[in-house]
Each structure stands twice: as C-alpha cells, then as structure tokens.
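S.K.: As a plain string of letters, each chain reads:
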Amino acid sequence: MAKKVSTSVNITPLHDRVVVKADAAEQKTAGGIIIPDTAKEKPQRGTVVAVGGGKKDEPMTVKTGDSVLYGKYAGTEISIEGADYLIMRESDILAIL
Amino acid sequence: MAKKVSTSVNITPLHDRVVVKADAAEQKTAGGIIIPDTAKEKPQRGTVVAVGGGKKDEPMTVKTGDSVLYGKYAGTEISIEGADYLIMRESDILAIL
Amino acid sequence: MAKKVSTSVNITPLHDRVVVKADAAEQKTAGGIIIPDTAKEKPQRGTVVAVGGGKKDEPMTVKTGDSVLYGKYAGTEISIEGADYLIMRESDILAIL
Amino acid sequence: MAKKVSTSVNITPLHDRVVVKADAAEQKTAGGIIIPDTAKEKPQRGTVVAVGGGKKDEPMTVKTGDSVLYGKYAGTEISIEGADYLIMRESDILAIL
Amino acid sequence: MAKKVSTSVNITPLHDRVVVKADAAEQKTAGGIIIPDTAKEKPQRGTVVAVGGGKKDEPMTVKTGDSVLYGKYAGTEISIEGADYLIMRESDILAIL
Amino acid sequence: MAKKVSTSVNITPLHDRVVVKADAAEQKTAGGIIIPDTAKEKPQRGTVVAVGGGKKDEPMTVKTGDSVLYGKYAGTEISIEGADYLIMRESDILAIL
Amino acid sequence: MAKKVSTSVNITPLHDRVVVKADAAEQKTAGGIIIPDTAKEKPQRGTVVAVGGGKKDEPMTVKTGDSVLYGKYAGTEISIEGADYLIMRESDILAIL
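So the sequences go chain by chain: A, B, C, D, E, F and G. No gaps in the numbering here: position 63 of the first sequence is 63 in our numbering, and each next residue is one more. No gaps in the numbering here: position 60 of the second sequence is 60 in our numbering, and each next residue is one more. No gaps in the numbering here: position 48 of the third sequence is 48 in our numbering, and each next residue is one more. No gaps in the numbering here: position 8 of the fourth sequence is 8 in our numbering, and each next residue is one more. No gaps in the numbering here: position 89 of the fifth sequence is 89 in our numbering, and each next residue is one more. No gaps in the numbering here: position 6 of the sixth sequence is 6 in our numbering, and each next residue is one more. No gaps in the numbering here: position 40 of the seventh sequence is 40 in our numbering, and each next residue is one more.
Keep in mind the hints are simulated off the structure, nothing from the lab. What you are looking at is a predicted structure, and each value in this text was computed from that prediction instead of being measured. C-beta: ideal position from N, C-alpha, C; glycine also. Mixed in with the good hints, there may be bad ones.
To be verified - To be clear about the criterion: a stretch of chain E counts as covered by chain F if any three or more of its residues have a C-beta under 8 Å from a C-beta of chain F, and this derived list gives those stretches:
1) 62–72
2) 78–86
Claimed, not checked - To give a feel for the contact side, a few chain B residues facing chain A, derived at Cβ under 8 Å:
3) N10
4) I11
5) L14
6) R17
7) G71
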C-alpha cells in the first residue's frame with residue numbers, strides 16, 4: 001500500500017514535527033466504484049519524508065519512508081522546490097500502515 | 001458477547017491508539033422488541049484488532065481480541081482494505097467486556 | 001441506606017472508571033411527602049458493581065458493593081444484559097455512604 | 001463564632017472533599033440592622049462534619065468541627081437523613097475561623 | 001506609605017490565601033487634585049492581616065503587616081466582626097510596597 | 001537606545017513580576033518622519049526598575065536597569081509617588097535590548 | 001534557498017524566543033508564473049538573527065544564521081534601527097531549511 005517516494009527533501013523539521021508527502025486521493029473503491037467528493041473526508045495516507053529530532057526524553061516513533069495515516073485536516077501545507085508537502089506533529093499521525 | 005473477529009489488519013496504531021472493529025448494532029432488545037433509531041445512542045461494542053505501543057511509561061491495558069465498550073462518538077473512521085474500522089485513544093474505551 | 005445489589009456484572013472498567021447501579025429515586029421525603037419532579041435534582045445514590053484497576057500510581061478508593069453518592073449528570077449510561085448501569089470516573093463520585 | 005454542630009453524619013467524602021453544614025444566614029448586622037436579601041451574597045460560614053482522606057501526597061488541612069468560610073456558590077447540596085449539607089472540595093474553603 | 005492596621009483578625013486563610021485590609025482609596029493626587037471616579041481603576045493598596053500556610057513545597061512570601069498592591073478586582077469580600085476584608089490568593093498580589 | 005532611568009522605586013514585585021518604566025513613544029522615524037498614531041502599535045521599550053525574587057527553581061533573567069521590549073498591552077499600570085509604571089510578569093518581556 | 005543576512009542585531013530574546021528576519025515573499029513560482037496575493041498564505045521563510053537562552057532544561061535547537069520556516073502569523077513584529085523583524089517562540093518555527 002505504501003508507495004515509494006523517491007524525492008528526498010532538504011528540510012529538518014523541529015522537535016516532534018514530521019514532513020509528509022500525501023498520497024494521491026484514491027478515486028475508486030476496491031470494487032471500482034468512483035467515490036464522490038463528499039465521501040472522501042476520511043483520514044489520508046502519506047509517506048514520511050523527513051522527521052524531527054523529537055521532544056525532550058521523547059524520541060520519535062515514525063521514520064522516513066513510513067507510510068502513515070493522518071487526519072484530513074492535520075498539519076500545514078508547505079511547498080519545497082515546487083512540490084507540496086504537509087508538516088505536522090507526530091501526534092497528528094494516527095497509525096503506520 | 002464478544003464475537004471473534006477473524007480479520008487481522010496490517011496497521012500499527014501510534015502510541016496510545018487502538019483500532020476497533022465495531023459490532024453490528026443490535027436491532028432487538030433481549031425480549032425481542034425492535035429498538036427505534038433514537039434509542040440507540042448508548043455506548044457501542046467492538047473488538048480490538050490492533051494496539052499501539054503505549055505512551056512513555058504507560059503501557060496499554062487492552063489487547064487485540066478484547067471486546068470493548070466505547071463512546072458512540074469516539075475515534076475516527078478509517079477504512080482498511082475495504083472494511084471500516086475506528087481508530088481511537090485507549091482513554092476513549094470505557095470498559096472491557 | 002445502602003441496598004444490596006445481588007447482580008454481579010461481567011465487565012472490567014478501564015483505569016479509574018467504575019460501574020454503578022443507580023438506586024431507585026426516592027419518591028417521598030422522610031415525613032412521607034411526595035417530592036415533585038423539579039425537586040429531585042440532587043446527587044443520586046447507587047451501588048458500585050465493578051471497579052477499574054486505577055490510574056498509574058493511583059489505586060482506587062471505592063470498591064464493589066460500596067454505596068456511593070454521585071452527581072446527577074455523572075457518567076454514561078450503559079446497558080448490560082438488559083439492565084441499565086452508569087459508567088463514570090471515580091472522580092465523579094462525591095462520597096461513600 | 002463557630003457554633004457546635006452535634007449531628008455526626010455517616011458519610012465518607014472521597015479524596016479532597018469535605019461535608020459542611022451551613023450556618024443559618026445571619027439576618028442582622030452587628031448593630032442590629034436587618035440586611036436585605038441583595039446584600040447577603042458574601043461567603044458563608046459553616047461547620048465541617050466529615051472530611052475525605054485527601055489526595056495523593058496532599059493530606060487535608062481542615063478537620064471535623066472546624067468553622068469554615070466558603071464561597072456562596074461552592075459545593076453541591078446533599079441531604080442526609082432529612083438534613084441538608086454541602087459537599088465541596090477543600091480548595092473551595094477560603095479560611096478557618 | 002504603608003499604614004499600620006491595628007486590627008488583628010481571628011481567621012486562618014487556607015493554603016496560599018491571604019486576608020487583606022484595603023486602604024481607603026486616595027481621593028487626591030500628590031498635587032491635591034481630586035481624582036474623578038473613572039480614573040480610579042488602578043491596582044489598590046492594602047495591608048496583609050492574615051496569611052495561610054502555603055501550598056505544598058511553596059511557602060508564602062508575604063507576611064502579616066506587609067503593605068501590598070493587588071488588582072482592583074482581586075479576591076472575595078468577607079466581613080469579620082463588622083469590618084470588611086478581602087481574601088485572595090498570594091498570586092493575586094502584585095508587589096510588596 | 002536604553003536611556004538611564006535615575007528613579008529608584010521602593011517596591012518589591014512578587015515572584016516572577018517586574019516593574020518597568022516605559023520609554024516615551026518615539027514620535028519620529030530614523031529619517032525624521034512623524035509616525036501617525038495608528039502606526040504605533042508595535043512592542044514598546046522600557047527600563048526595568050524593580051525585579052521580583054523569581055518563581056520556585058526559576059531565577060529571574062532580567063535585572064534592574066535592563067532596557068527591555070514588551071508587548072504593547074503587557075502588564076498593569078501602577079503609579080508610585082506620582083509616576084506611572086507597569087508591573088508585568090517576566091514572560092511578558094520579549095527581549096533585552 | 002537561504003539568503004545570507006549580513007545584519008547583526010543588538011538584541012537578546014528572552015528564554016525560548018528568537019528574532020527572525022523574514023525573506024522577501026517570492027513573487028514568482030519556479031516556472032516564472034506570478035503568484036496572486038491570495039495564494040501566498042503558506043508558511044514563510046526567514047533567517048534567525050538572534051536566539052534566546054532557552055527555557056529551564058530545554059536548550060535551543062535553532063541558531064543564528066539558520067534559514068527557517070514559520071507560520072505566516074507567527075510572532076510579533078518589532079523594528080530595530082529602522083529594519084523590521086519578527087520575534088517568536090522557537091515552537092512557532094516549523095523546520096530548518
């Protein structure tokens with residue numbers, strides 16, 4: 001499920017932040033039915049491309065390359081060298097897939 | 001009361017989160033009376049299918065396979081391989097049945 | 001004042017939660033006067049039927065069988081095997097009678 | 001100033017809670033002038049009739065029999081054997097008289 | 001600037017609370033000009049007449065007899081033996097004069 | 001940039017509070033242009049004239065005589081011997097100039 | 001991407017604050033297209049020109065000269081010797097570029 005993201009980004013998130021490259025929203029269900037826009041509010045998948053150094057006494061759990069699930073409205077959009085990423089706190093990440 | 005959930009999911013919830021498969025809402029009371037929709041707002045039952053690694057110095061109490069009771073509005077819906085689950089913090093779980 | 005509650009329930013409240021069986025509201029005052037509904041907003045009595053394992057470094061104070069006083073709006077209603085109970089945090093309990 | 005309250009109550013407040021029997025509101029000032037209702041919003045006096053076991057590492061300061069001053073809207077009214085009391089946290093008590 | 005307050009009050013504030021006797025508001029400026037009411041919203045001066053025992057591991061800084069400055073709306077009015085006082089937390093006191 | 005403030009004030013701020021004498025707002029820019037009122041909402045400069053003893057285990061960083069920058073709406077105005085000062089927490093101070 | 005900022009400023013931010021010189025907003029995309037104003041709400045880049053001493057037991061991570069990314073509305077504008085800067089907490093900084 002986790003697609004390789006070849007891009008390596010030259011950015012160091014501070015403390016407990018991570019940079020995530022969102023996967024393209026899947027337009028179809030497993031059975032091939034096209035999902036209308038209103039049905040796409042569920043958490044999104046992405047790939048971690050950069051990880052901060054963690055907070056005091058709390059090392060990070062996710063690592064670069066992890067395919068993760070995060071809330072649809074988590075993080076802040078940033079654009080690095082023309083590509084869009086999300087920068088969020090590790091606590092905004094729900095799970096590693 | 002706890003039904004076996006054979007599905008094993010390939011997901012690792014972060015920190016104190018758990019993934020729960022909701023039981024189908026019971027449509028009838030013990031006496032066989034059909035419950036109207038407005039009466040179904042009580043906590044729901046489900047089965048834990050994945051458990052995070054816990055927070056610092058706070059191991060998890062629930063484990064995979066536990067039948068649990070949780071608030072009706074707890075957690076975030078996620079869909080994994082076509083099936084719907086809830087991902088919530090352990091603190092949203094009220095009790096183990 | 002504490003009535004015996006013979007029911008034992010098969011439920012394990014998580015952490016600092018307890019399950020309480022509410023006593024029937026007393027309809028009459030000591031002098032036998034019937035209390036109108038608007039006068040019945042005071043804390044309620046109930047009997048503890050299940051107790052969680054406590055929080056980290058904070059063992060529980062109440063135990064199964066204790067007759068307790070709790071805020072009228074404390075806890076969440078749950079129904080186990082057809083009977084109604086309340087599940088609440090120990091901090092919602094005001095006193096042991 | 002503190003009147004003896006002979007009633008002993010059979011109740012154990014939880015943690016940092018205390019049970020207080022409110023003194024009757026004094027209708028007259030020192031000079032004998034009757035105070036109108038709107039002037040009676042100041043803190044009230046009462047007598048502590050039961051004291052909880054304190055919170056973790058924080059023993060209680062007040063003890064049964066203390067005459068105390070507390071905010072007019074502090075605590076929750078409870079009625080034990082026909083008499084009215086207030087159950088409040090020790091932090092709602094302003095001073096011992 | 002600090003006037004002696006001869007009254008000693010028979011009251012023990014709880015924890016980090018202090019009892020303060022407010023100085024009479026100064027009606028004139030240094031130059032003798034009468035200050036209109038709307039200009040008197042600045043912090044007020046008073047004299048500490050009773051001091052609590054402090055919170056756990058935090059002894060009190062002010063002591064009885066200190067002339068202090070406190071926010072105009074700090075504390076709760078109490079009346080002891082016909083005289084008006086304020087009971088407030090030490091953190092409501094801005095400075096010792 | 002920091003002007004000497006010869007006034008010494010007879011006041012002891014409590015805990016982490018400091019007393020600051022505000023510099024007069026500069027009416028002109030470096031180039032001599034007069035700044036209209038609406039452009040003067042930036043942080044203000046002042047000189048520390050008294051410093052509290054700090055909070056438990058947190059000594060103070062600023063000291064008497066420091067020229068400091070603080071938020072325009074920080075602190076409470078106090079008047080000591082006819083002069084106006086501001087009393088604020090050290091955390092309201094942005095920087096030492 | 002990080003431009004050298006030759007200006008050295010004579011200011012010591014308090015505790016966990018940093019002073020940042022904002023980079024000029026880039027008016028064009030990589031492909032040379034001019035970005036309209038409404039599209040420029042993303043985090044901004046700047047260069048750290050002064051760093052505070054950190055909070056108790058929490059040394060600072062960023063250092064003078066770092067090119068950083070921060071929320072568009074982070075910090076407070078200050079002007080030092082005619083030039084505009086932002087003073088913000090380190091926690092307002094998202095990443096080091």
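S.K.: Look at each hint and say if it fits the structure.
M.R.: Here is how each hint holds up against the structure:
no., hint, verdict
1, 62–72, "holds (count 3)"
2, 78–86, "violated (count 0)"
3, N10, "holds (7 Å)"
4, I11, "holds (5 Å)"
5, L14, "holds (5 Å)"
6, R17, "holds (6 Å)"
7, G71, "violated (18 Å)"
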